[in-house]
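> Using the sequences and the accompanying hints, generate a full structural model.
Protein chains in written order, with this note's numbering: chain A, 555 to 756; chain B, 10 to 235.
Note that these hints are calculated values from the structure, not bench results.
Beta carbons: idealized from backbone N, C-alpha and C, even for Gly.
Check each hint, because a few of them may be wrong.
[What the hints assert, rightly or not] Distance condition first, Cα-Cα at most 25 angstroms in a straight line; then the derived SDA-like pairs of lysine to any residue: (1) K584/A <-> P111/B; (2) K680/A <-> S568/A; (3) K575/A <-> T564/A; (4) K575/A <-> S106/B; (5) K606/A <-> F621/A; (6) K584/A <-> L572/A; (7) K584/A <-> P562/A; (8) K575/A <-> V34/B; (9) K128/B <-> S634/A; (10) K680/A <-> G18/B; (11) K680/A <-> P27/B; (12) K694/A <-> C664/A; (13) K128/B <-> G637/A; (14) K128/B <-> A590/A; (15) K694/A <-> M725/A; (16) K680/A <-> K71/B; (17) K584/A <-> G51/B; (18) K602/A <-> A30/B; (19) K602/A <-> D31/B; (20) K71/B <-> G21/B; (21) K71/B <-> G18/B.
[Unchecked claim] Partial chain B-side listing against chain A, Cβ under 8 angstroms, derived: (22) P27; (23) A30; (24) L48; (25) Y168; (26) H183; (27) D219.
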Amino acid sequence: MPHDHDHPHTVLPSDPALRVKALETLLIEKGLINPATLDEIIDTYENKIGPKNGAAVVAKAWSNPAFHNALMTDATRAVSELGFYGRQGEHVTAVENTPETHNMIVCTLCSCYPWPLLGIPPAWYKSDAYRARAVREPRKVLAEFGVTLPEGQSVKVWDSTAEMRYLVIPMRPSGSEGLSEQNLTALVTRDSMVGTGLALLP
Amino acid sequence: MTRVHDIGGRFGDGAILPDAADADVFDYDWHAKALAVTLAVGALGQWNLDISRHSRERLSPKDYTRFSYYEKWMSALADLMVENGVVTLEELESAVSSGGSPLADKCFQPETVAPALAKGGPVDRTGPIPLFAVGQSVHTIPNAENANVQGGHTRLPAYAANRAGRIIASHGCHVFPDSNAHGFGEDPKPLYSVAFKVADLWAHPENPLDEVILDLWEPYMVALDG
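The following block contains the structure:
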C-alpha cells in the first residue's frame, strides 16, 4: 500500500482542470474511455436526472393516498415504478415531515445522495461544514438555510452511512389544497427533499 | 483512530453556503469531466464502490484537506488506476500512453450509459439471520475501526462509536464494506437503522428531542440488556 509521500496522484499537474485533462487524454489514448461516453454521462446529470424526479414523487405522495402508502411502505419499489431506480438509488427510504418531526439528510463520511431522485449533490451538501455540523447542530445549520423550526418539533438527522438513500417528503404547504399534482411539483424544491428547506407556499 | 474523512461533529468549519435554486449542476466544466471520467473508468470493473470510497479516504490528511471535492476524486482515481495496473506510474508522469490497454474492450460506450445507470448496483444479499430486533437497545463498538485491517475502510463514524442506540429498522443483509473494500469478498451482514439521542452523542446537544439515525452493520454493535 502506498505511503502518504508516494501516492501516484502526486505526479499529476497541480491545476485541477489540467489534472483532469491529463487523465482524460491519457485514457482516451489507451482506449479506456470514449469521449462520447463522457458527454453522455454529463448530459444525463445536467439535463435528464435531477430534483424534478424527486418533486414528481413528492407531489404524487401528496395527491394520491395509495401511492403515499406504497412509498412509505417500500420506497424503492414505489419510485422504481415511476422510473426512478438506478445508480446511487438502489435502496430508498422515504422519511416524512410532520408537525412533530422534521427530517434532514447528510453523509458525514463522504457524499451519499439519492442520485436518481435528486441528481448530483450540490457543493454545500458535499462541503466539510455541512458534513461536520449537520449531525451536531442541525438547527443552526437550518437557520443558515433560512429555516427555523418550532422548539417542540423534533429533528431527525439521517446520516447516510450505508447504501440506503433517503428522500425527505416535506409537509404539503397550506393553501395548496386545490392544486393539481402537476402544479404541486413546482412547490417541491431540492432542499426541501434533503430537509434543509421547506416546500414553497403556492 | 479513524481517517481524515470522518468529520461528523467536528468543530471549526464555519458557515454553510447554500447555492441558488437555479445553480448549475457543475460549477466548472472540469467538475463534470471529473465525475464522468470516474464513472467511465469505474465501468471497466477493476474495483468496487467500497474500494473506490476507501481510495479517497486514504489520501493523506494534508491532501484531503486542501483538495476540493472533485480533486479528491481525480487523485483517488489516479492512485487506484496505478495500483490496479490500469495505467502505469510512468504513463501518469509523462502523460504519454505506452500502448493500448487490454481492458479497452471493456470501454464504457455511450449507448450503454443510460441502461447501466438505470441498472445501478444493488447491494442487498442473502446472509445471516439478523441478531437484533426492531426496538432493541444496542451499544456500538468502542473504536470506529476496521476489525481486520489497520486503517482500513469502515462505515461507523467516530462520533457514533461507543454509544447507546436503538434499532428502528432492519434492512436484511447488505454487502459489508469493511470486507469488500479490501478484497475479502462481499461478506454480507445484517444492516439496521439505529437511532441515537443527541444527548447520548454530544456534550452540548441543541435540543433533547432530536435524534441522529445511522445505517449500521451488525458487527458494529452489541446488544444492550434490558
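> Confirm or reject each hint.
Hint by hint, here is what the structure shows:
1. K584/A <-> P111/B: Holds - the C-alpha atoms of P111/B and K584/A are around 9 angstroms apart, at most 25 angstroms.
2. K680/A <-> S568/A: 22 angstroms, holds
3. K575/A <-> T564/A: 15 angstroms, holds
4. K575/A <-> S106/B: Distance ~14 angstroms between K575/A and S106/B Cα, so the pair holds.
5. K606/A <-> F621/A: 18 angstroms, holds
6. K584/A <-> L572/A: OK: K584/A and L572/A at ~18 angstroms, within 25 angstroms.
7. K584/A <-> P562/A: Holds, at roughly 18 angstroms.
8. K575/A <-> V34/B: 20 angstroms, holds
9. K128/B <-> S634/A: 11 angstroms, holds
10. K680/A <-> G18/B: 15 angstroms, holds
11. K680/A <-> P27/B: Given that 25 angstroms is the threshold and the Cα spacing comes to 11 angstroms, the pair holds.
12. K694/A <-> C664/A: 21 angstroms, holds
13. K128/B <-> G637/A: Answer holds: K128/B to G637/A is near 11 angstroms, not above 25 angstroms.
14. K128/B <-> A590/A: Between K128/B and A590/A the Cα gap is close to 20 angstroms, so the pair holds against 25 angstroms.
15. K694/A <-> M725/A: 21 angstroms, holds
16. K680/A <-> K71/B: Given that 25 angstroms is the threshold and the Cα spacing comes to 18 angstroms, the pair holds.
17. K584/A <-> G51/B: Holds - the C-alpha atoms of G51/B and K584/A are around 15 angstroms apart, at most 25 angstroms.
18. K602/A <-> A30/B: With a Cα-Cα distance of about 17 angstroms, the restraint between K602/A and A30/B holds, given a limit of 25 angstroms.
19. K602/A <-> D31/B: Holds. K602/A to D31/B sits at ~15 angstroms (cutoff 25 angstroms).
20. K71/B <-> G21/B: 17 angstroms, holds
21. K71/B <-> G18/B: 20 angstroms, holds
22. P27: 5 angstroms, holds
23. A30: Nearest chain A Cβ about 6 angstroms off; hint holds.
24. L48: 5 angstroms, holds
25. Y168: 7 angstroms, holds
26. H183: Status holds, d = 6 angstroms.
27. D219: Check passed: Cβ of D219/B comes within 4 angstroms of chain A, closer than 8 angstroms.
No hint from the list above goes unmet by this structure.
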